[in-house]
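Residue-level listing of the chains:
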Amino acid sequence: DTAVSQTPKYLVTQMGNDKSIKCEQNLGHDTMYWYKQDSKKFLKIMFSYNNKELIINETVPNRFSPKSPDKAHLNLHINSLELGDSAVYFCASSQRPQGVREAFFGQGTRLTVV
Amino acid sequence: AQKVTQAQTEISVVEKEDVTLDCVYETRDTTYYLFWYKQPPSGELVFLIRRNSFDEQNEISGRYSWNFQKSTSSFNFTITASQVVDSAVYFCALSEGSRGSTLGRLYFGRGTQLTVWP
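Residue numbers (the numbering used here), protein chains in the order written: chain A, 1 to 114; chain B, 1001 to 1118.
Any given hint could turn out to be false.
[What the hints assert, rightly or not] In silico EDC-like pairs for lysine to aspartate or glutamate, Cα to Cα no more than 16 Å straight-line:
1) K36(A) to E1010(B)
2) K41(A) to E1056(B)
3) K44(A) to D85(A)
4) K40(A) to D85(A)
5) K9(A) to D30(A)
6) K9(A) to E1010(B)
7) K41(A) to E1044(B)
8) K1038(B) to E102(A)
9) K40(A) to E1026(B)
It is worth saying that the hints were derived from the structure and are not from the lab.
Use the sequences and the hints to build the structure in full.
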């Protein structure tokens, strides 16, 4: 069983479209995250939820909106996609905030905006 | 300012060589956590190790070993007798443990691309 699963793995879309990436974890973790990896492979946090409550909201355009229907799911919705949004987006979860336990990552979603 | 610095962008070695990946971190917190992750060509991020700031004991796991030195703010990673399958990007990361608003945030270094040639 996959611990942290994201769908889709690849997403190609046109500028201006709206898209969503789904994430689910079956580890029973309380905290979930979204990270963005740019073309130079730099990883940076975007959002963090703990028990469905937003606890980290990095400086991210408000076109990006996370939604956590329950603590096992954290979806990422992106409105009005731009070329610069092309990146790999990783979902992750940890038992408690990262400081206590390691985070486990999904396989990533490669988003390409054309 | 970069909290985690991996000065080596790329390293190439031949199989069976030992290789050390450097990681230097910066934090004012007394409680913090350090991590190494591996990203193979397939793209997933694989957790390797977690170390807290109160435990400076070095760790060995098979061919992998980690050297944590608070005096130099370094957390270096050594692969002994490298193999082709070790080829990947390796990331060092820091989490600060004492600030509520940032608890949980992982600060990543920019990664070191390791290529092991047969």
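*asked:* Just to be careful, I want the Cα atoms of K1038(B) and E102(A) compared with a cutoff of 16 Å; is the pair within it?
replied: Given that 16 Å is the threshold and the Cα spacing comes to 13 Å, the pair holds.
*Restraint check for K9(A) with E1010(B), where alpha carbons must lie at most 16 Å apart*: 27 Å, violated
*Quickly compare the C-alpha distance for K40(A) and D85(A) to 16 Å and report which way the hint goes.*
14 Å, holds
*Within 16 Å, alpha carbon to alpha carbon, are K9(A) and D30(A)?*
24 Å, violated
_Check whether the Cα positions of K44(A) and D85(A) lie no farther apart than 16 Å._
Holds: K44(A) and D85(A) sit about 13 Å apart, inside 16 Å.
*Are K40(A) and E1026(B) close enough, with their CA atoms no more than 16 Å apart?*
Measuring from Cα to Cα gives roughly 22 Å; hence the hint is violated.
*When you check the alpha-carbon spacing of K41(A) and E1056(B), does it fall within 16 Å?*
At roughly 29 Å apart (the allowed maximum being 16 Å), E1056(B) and K41(A) break the hint.
_Please verify whether K36(A) and E1010(B) have alpha carbons no more than 16 Å apart._
21 Å, violated
*Hinted pair K41(A) and E1044(B), Cα distance within 16 Å*: Answer holds: K41(A) to E1044(B) is near 12 Å, not above 16 Å.
Comparing the model with each numbered hint stated earlier shows that hints 1, 2, 5, 6, 9 do not hold.
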